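Generate coordinates for the entire structure from the input sequences, incorporating the hints supplied.
Residues per chain, in single letters:
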Amino acid sequence: MSLTIKNKERSGVINPMYNCQPCGAQFVGIGIKDCIPLVHGGQGCCTFVRLLFAQHFKENFDIASSSLHESAAVLGGVKNVEVGIDTLVKRYPDLKVVPIITTCSTETIGDDVDGVARKARRTLKEQFPDRKVQLVPIHTPSYSGSHVKGYDTGMQALVAALAKKTEPSEKLNVFTGWLNPGDVTEIKYVLSEMGVEGNVLIDTESFDSPTMPDKDTFAYGNTTIEDFMDTANAVGTIALCPYEGGTAAQYLQDEFEVPAVIGPTPIGIENTDKFIQNISKLTGKEVPQSLVEERGKAIDAIADLAHMFFADKKVAIYGDPDLVIGLAQFCLEVELQPVLLLLGDDNKAYAKDPRYKDLEEKANCDIEVVLNADMFELEQRIKDKTIDVDLILGHSKGRYIAIDNQIPMVRVGFPTFDRAGTWKYPVIGYKGASMLAENIANALFADMEYKHNKEYILNVW
Amino acid sequence: MQDKIEQLFLYFQERCLWQFHSRSWDREDNINGITDDVIKLLTGKRVEMETPEDKCHYADSRILVDDLKKRFPWILELKDSERSAVVEGARDKLMAVVVTNSKNAELNNENY
Amino acid sequence: MPLKLFECDTVIPERKRHVYIKQPGEDTSMFLPSANIDTIPGSLSERGCSYCGAKLVIGGVLKDTIQLIHGPVGCAYNTWHTKRYPSDKDNYQLKYVCSTDVKEKNVVFGAEKLLKKNILEAFAAFPDYKRMIIYTTCATALIGDDPKAVAKEVEKELGDVDIFCSQCAGFAGVSQSKGHHVFNIDWMDEKVGTFEPEIHSDYTVNMIGDYNIQGDSVVLSDYFHRMGIQVVAHFTGNETYDALRSMHRAQLNVVNCARSAGYIANELKKKYGIPRLDVDTWGFNYVAESLRKVGTFFGLEDKAEQVIAEDYAKWEPKLKWYKERLEGKKVCIWTGGPRLWHWTKALEDDLGVEVVAMASKFGHQEDFEKVIARGNIGTIYIDDGNELEFFEVLKEKKVDLIFTGPRVGELVKKLHIPYINGHAYHNGPYMGFEGWVNCARDMYNGINSPIWKLAGKDIRKGE
Chain A
0 MSLTIKNKER SGVINPMYNC QPCGAQFVGI GIKDCIPLVH GGQGCCTFVR LLFAQHFKEN
60 FDIASSSLHE SAAVLGGVKN VEVGIDTLVK RYPDLKVVPI ITTCSTETIG DDVDGVARKA
120 RRTLKEQFPD RKVQLVPIHT PSYSGSHVKG YDTGMQALVA ALAKKTEPSE KLNVFTGWLN
180 PGDVTEIKYV LSEMGVEGNV LIDTESFDSP TMPDKDTFAY GNTTIEDFMD TANAVGTIAL
240 CPYEGGTAAQ YLQDEFEVPA VIGPTPIGIE NTDKFIQNIS KLTGKEVPQS LVEERGKAID
300 AIADLAHMFF ADKKVAIYGD PDLVIGLAQF CLEVELQPVL LLLGDDNKAY AKDPRYKDLE
360 EKANCDIEVV LNADMFELEQ RIKDKTIDVD LILGHSKGRY IAIDNQIPMV RVGFPTFDRA
420 GTWKYPVIGY KGASMLAENI ANALFADMEY KHNKEYILNV W
Chain B
0 MQDKIEQLFL YFQERCLWQF HSRSWDREDN INGITDDVIK LLTGKRVEME TPEDKCHYAD
60 SRILVDDLKK RFPWILELKD SERSAVVEGA RDKLMAVVVT NSKNAELNNE NY
Chain C
0 MPLKLFECDT VIPERKRHVY IKQPGEDTSM FLPSANIDTI PGSLSERGCS YCGAKLVIGG
60 VLKDTIQLIH GPVGCAYNTW HTKRYPSDKD NYQLKYVCST DVKEKNVVFG AEKLLKKNIL
120 EAFAAFPDYK RMIIYTTCAT ALIGDDPKAV AKEVEKELGD VDIFCSQCAG FAGVSQSKGH
180 HVFNIDWMDE KVGTFEPEIH SDYTVNMIGD YNIQGDSVVL SDYFHRMGIQ VVAHFTGNET
240 YDALRSMHRA QLNVVNCARS AGYIANELKK KYGIPRLDVD TWGFNYVAES LRKVGTFFGL
300 EDKAEQVIAE DYAKWEPKLK WYKERLEGKK VCIWTGGPRL WHWTKALEDD LGVEVVAMAS
360 KFGHQEDFEK VIARGNIGTI YIDDGNELEF FEVLKEKKVD LIFTGPRVGE LVKKLHIPYI
420 NGHAYHNGPY MGFEGWVNCA RDMYNGINSP IWKLAGKDIR KGE
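Chains as they are written, first to last, in numbering that gives the first Met the number 0: chain A, 0 to 460; chain B, 0 to 111; chain C, 0 to 462.
Heads up, a few of these hints could be off.
Subject to a maximum C-alpha distance of 25 angstroms in a straight line, what follows is the list of computed DSS-like cross-link-like pairs (lysine-lysine) [what the hints assert, rightly or not]:
hint, chain 1, residue 1, chain 2, residue 2
1, C, K302, C, K317
2, A, K351, A, K361
3, A, K382, C, K88
4, C, K94, A, K382
5, C, K319, C, K394
6, C, K112, A, K347
7, A, K89, C, K3
8, C, K328, C, K397
9, B, K39, B, K92
10, B, K102, C, K15
11, A, K423, C, K413
12, A, K450, A, K313
13, C, K115, A, K5
14, A, K7, C, K102
15, A, K384, C, K94
16, C, K452, C, K413
17, A, K280, A, K313
18, C, K94, A, K351
19, A, K453, A, K313
Quick list of simulated restraints, FRET-style, between CB atoms [as the list claims (entries may be wrong)]:
hint, chain 1, residue 1, chain 2, residue 2, range
20, C, N447, A, M307, 44 to 50 angstroms
21, C, K394, B, M0, 43 to 49 angstroms
22, A, Q379, B, M48, 54 to 60 angstroms
23, A, D111, B, N107, 39 to 45 angstroms
Quick caveat, the hints were computed from the structure, so don't treat them as lab data.
In this text the structure is predicted, and so the values were computed from the model without any measurement.
The beta-carbon is built from N, C-alpha and C at its ideal position, and this holds for glycine as well.
Below is the structure:
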């Protein structure tokens with residue numbers, strides 16, 4: 000069957016699927032321990048991203064703004080960065096790293112953020128000789144790429160600034176990409192079953208923070224500066240999302256000869272197989288019985304669902320590129336037909352992604368990939384009846400398409416603010432595969448019941 | 000008397016949004032217009048209602064007077080001249096606090 | 000020492016002029032916190048930007064208007080799905096936002112052509128929608144695009160459309176407040192008086208500064224309707240673009256949110272002689288007073304009394320039930336600005352709680368004059384507060400409930416303190432008589448949730 004790739008025809012965006020670059024860099028930042036990112040731009044660039052993270056994770060994360068006001072926008076805002084760093088360092092005694100994240104305004108006016116960081120490092124050394132606070136400029140003009148590139152740029156900048164070759168370690172770097180805390184848990188599980196000591200960046204597992212009797216726990220990122228430093232000493236790097244962390248993995252290979260395996264995103268059985276085999280190859284560890292069983296459980300769960308409920312059902316998928324492609328691959332494993340894939344920015348590399356070939360070979364349906372897409376692209380096709388979809392996989396920003404057109408939808412990706420707790424559960428790994436299959440099945444079941452569409456089938460399933 | 004003025008002043012402060020309009024001239028208009036009406040209503044005089052602004056001041060003062068009588072029954076025991084004096088006293092203090100001595104830096108901006 | 004420097008602020012001593020604790024005998028001519036001045040970079044201010052003040056708060060509420068954000072995609076993305084203002088037009092305003100998706104080449108070579116293409120595309124995508132607001136953002140303001148000229152061109156070409164340009168970049172001003180201002184003044188200058196409404200009552204008002212959060216405007220409109228008063232324009236809850244062009248035809252401006260919309264009321268008074276009546280639309284006592292004032296203005300006192308009597312009969316018993324159970328609880332209000340002064344006495348008088356600390360993100364000194372006049376002795380008043388300061392407040396004051404946004408709500412949850420969404424409400428509307436009962440119910444349910452007792456229990460201690 001065929002796979003066609005096209006670009007959205009409209010020049011603008013109606014209902015954006017992706018956020019802008021600084022958001023991606025901020026996500027990397029909140030995943031780091033004792034870190035407060037400083038967003039150099041208007042206050043909204045950080046305030047709304049904080050709100051977005053709170054919507055998704057139901058937690059607060061600290062991100063600071065350089066509070067660029069009119070005079071600074073005209074005369075330059077480096078002073079705001081200086082004051083911002085000073086204020087942060089003085090008020091937060093545990094602070095160890097400040098990513099300085101640029102935006103459209105400060106890139107347009109051409110603020111020398113690298114210069115101001117150099118200057119501030121000297122000042123900090125004099126003022127706080129006992130403290131070490133890393134300042135890491137990250138250039139993320141909002142008019143370039145999207146949050147996807149922002150994440151990749153953030154990872155790259157942090158790794159480039161902090162990675163340090165010292166003693167070789169047995170550790171394996173795993174760059175997660177923009178995945179959920181539930182996915183990080185799954186990665187750690189796989190590594191531990193393999194007997195591999197992992198260096199998981201960024202480690203967001205601690206985002207799931209408890210409310211404790213003594214009221215002393217808040218959500219935080221768990222990646223340390225040492226973790227970043229140590230990336231240069233690892234036996235290898237596996238970047239799970241080529242577009243979100245792939246550049247940093249490549250950098251480590253080029254700079255420190257840490258072998259990089261970039262992708263595939265371990266969504267679905269085969270992709271997870273590859274992930275585990277890659278771990279095995281890089282570390283020499285054998286695949287344990289437990290993971291074979293885990294895999295078997297996923298197969299077992301999927302076998303109950305695939306040909307009975309999923310076969311020939313048409314699916315539209317949107318979201319971050321690696322997630323969408325991974326989900327499409329997963330769909331083909333479980334007999335779903337991923338007829339429409341929407342990727343939401345103008346990254347030229349998306350059109351050349353090698354994974355499309357795999358999709359095309361395996362598909363029993365025609366697949367259309369729309370690049371630089373927005374949510375309206377999906378909505379229009381559904382409303383014009385140019386496609387007929389039975390299921391939508393995507394994040395909450397597309398919720399009204401599902402609601403208004405009464406199409407079952409499973410929330411996947413970021414942000415998912417209209418379902419409780421989705422971020423706690425994985426989509427990757429064998430566990431992720433069975434959870435995805437089961438969530439999809441339950442969404443279809445609820446739809447059958449709501450529409451009285453052969454819901455009686457489930458009486459005896 | 001001073002105590003009564005203070006009571007009214009605090010009540011006006013707490014209750015009346017018209018004293019806090021954005022600019023000093025609006026505040027003055029409101030404070031003068033409404034307290035004038037309040038005095039008239041408390042002393043049985045006719046309130047002018049020629050302009051929409053007059054009507055608006057009347058609406059504010061009418062409801063205010065009803066409430067004053069309930070909250071401060073002593074008003075009813077005063078003579079007309081005393082009623083005027085106590086409202087005037089409170090008005091003067093309002094004017095001092097929210098206009099003349101106000102620390103609000105925006106109060107005299109020419110534009111809204 | 001009525002102005003207070005928090006411990007966490009010893010390194011930024013300029014914060015002292017933003018924090019005030021009221022003492023007996025003091026008034027605002029003696030002490031008034033600084034407000035609406037530059038934010039301290041890195042202070043973790045809660046403020047947003049002025050673009051969002053224009054788009055998210057005011058313009059984006061309109062139910063029949065295409066929202067086109069001229070800038071990189073994030074400005075549109077982040078001000079979409081972040082508000083709870085429904086409409087009776089199938090929530091169009093919640094569902095759709097357009098972005099010109101400005102890219103590097105546009106920043107270098109200009110983005111006016113792109114803008115024009117986008118305007119045409121958007122009108123084509125929504126053929127039933129003939130009204131549009133274009134917002135400039137940081138990037139497009141800096142490159143000096145002239146969206147007005149482009150809009151004029153398109154208006155001429157298409158013939159049946161009307162476009163308003165909100166030119167207020169994110170970096171303008173010090174907070175979202177600047178966006179309110181620019182939107183108000185420009186709308187007044189360019190759009191008010193360009194459309195003639197159908198007048199079907201002898202009594203007409205504009206309801207200004209209410210954004211239909213969870214149906215607030217519907218509640219207020221119902222009161223006006225029952226009094227026989229026509230609302231010419233609701234600025235801007237559940238409203239149309241053309242109604243806002245008709246604001247010159249009302250006899251009275253009833254103003255709720257004086258911070259976000261006082262400007263247009265002032266301008267309408269100046270230009271058209273329409274008087275401005277400031278009211279409180281939250282709280283039993285306040286709402287009754289407001290309806291009485293409006294009734295008195297029009298000579299409709301009886302009608303007002305009838306509405307009040309009907310609604311008191313229906314809702315007052317419920318309010319009383321909650322009041323008995325909320326009496327003495329201590330609360331904080333950490334919101335944008337005006338809700339501090341709208342709510343503090345309403346909460347205290349109607350519900351018997353005590354407001355112990357209030358923080359405003361974008362209020363001006365005018366708002367602090369109001370809130371300090373209305374607020375308690377000993378209460379802490381904070382301008383542009385931040386997280387560390389909030390923690391200190393909570394160390395000093397025992398607090399049972401906080402009105403604030405969802406993100407700060409997540410933070411205080413860890414301290415076992417419930418929050419109520421002070422911006423968008425938990426389960427509103429909160430305006431009007433029924434609204435205040437909703438608010439009381441949410442407070443009661445928040446404070447009395449069994450989860451807080453469970454949260455405080457340490458199972459290691461065998462309690």
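The hints, checked one at a time:
1. For a cut-off of 25 angstroms, the pair hint linking K302 (chain C) to K317 (chain C) stands: about 23 angstroms separates their Cα positions.
2. About 18 angstroms separates the Cα atoms of K351 (chain A) and K361 (chain A), which keeps this hinted pair within 25 angstroms; it holds.
3. For the hint pairing K382 (chain A) with K88 (chain C), the CA-to-CA distance comes to about 18 angstroms; that is within 25 angstroms, so the pair holds.
4. Our distance criterion of 25 angstroms between C-alpha atoms is met by K94 (chain C) and K382 (chain A), whose separation comes to about 15 angstroms.
5. With a C-alpha separation of about 31 angstroms, the suggested pair K319 (chain C) and K394 (chain C) falls outside the 25 angstroms cut-off, and the hint is violated.
6. Using a Cα cut-off of 25 angstroms, the hinted pair K112 (chain C) and K347 (chain A) holds, with the two alpha carbons roughly 23 angstroms apart.
7. Straight-line distance between C-alpha atoms of K89 (chain A) and K3 (chain C) comes to about 19 angstroms, which keeps the hinted pair within the 25 angstroms bound.
8. Restraint check for K328 (chain C) and K397 (chain C): the C-alpha separation of about 9 angstroms stays at or below 25 angstroms, so the hint holds.
9. For the hint linking K39 (chain B) to K92 (chain B), the alpha-carbon distance of about 19 angstroms falls within 25 angstroms, and the restraint holds.
10. Annotation: proposed proximity of K102 (chain B) to K15 (chain C) holds, straight-line Cα distance about 16 angstroms (limit 25 angstroms).
11. Our distance criterion of 25 angstroms between C-alpha atoms is met by K423 (chain A) and K413 (chain C), whose separation comes to about 18 angstroms.
12. The straight-line distance between the Cα atoms of K450 (chain A) and K313 (chain A) is roughly 18 angstroms, inside the 25 angstroms bound, and the hint therefore holds.
13. Using a Cα cut-off of 25 angstroms, the hinted pair K115 (chain C) and K5 (chain A) holds, with the two alpha carbons roughly 23 angstroms apart.
14. The suggested pairing of K7 (chain A) with K102 (chain C) holds, with an alpha-carbon distance near 15 angstroms, which does not exceed 25 angstroms.
15. Distance hint between K384 (chain A) and K94 (chain C) is fulfilled; the C-alpha atoms sit about 20 angstroms from each other, no more than 25 angstroms.
16. Proximity of K452 (chain C) to K413 (chain C) is assessed by CA-CA distance (about 13 angstroms); at most 25 angstroms being required, the pair is judged to hold.
17. A hinted pair counts as satisfied when its Cα atoms are at most 25 angstroms apart, and K280 (chain A) with K313 (chain A) does not qualify at roughly 36 angstroms.
18. In summary, the hint linking K94 (chain C) to K351 (chain A) is not supported, as the alpha carbons are separated by about 33 angstroms, beyond the 25 angstroms threshold.
19. Distance hint between K453 (chain A) and K313 (chain A) is fulfilled; the C-alpha atoms sit about 18 angstroms from each other, no more than 25 angstroms.
20. Taken as a hint, the range 44 to 50 angstroms holds for the pair N447 (chain C) and M307 (chain A), whose Cβ atoms sit roughly 47 angstroms apart.
21. Roughly 44 angstroms separates the CB atoms of K394 (chain C) and M0 (chain B), a value that falls within the hinted 43 to 49 angstroms.
22. Under the hint 54 to 60 angstroms, the C-beta atoms of Q379 (chain A) and M48 (chain B), about 58 angstroms apart, fit the expected range.
23. Checked against the given bound of 39 to 45 angstroms, the beta carbons of D111 (chain A) and N107 (chain B), roughly 40 angstroms apart, stay inside it.
Figure legend: structure checked against the earlier numbered hints; hints not met, in rising order: 5, 17, 18.
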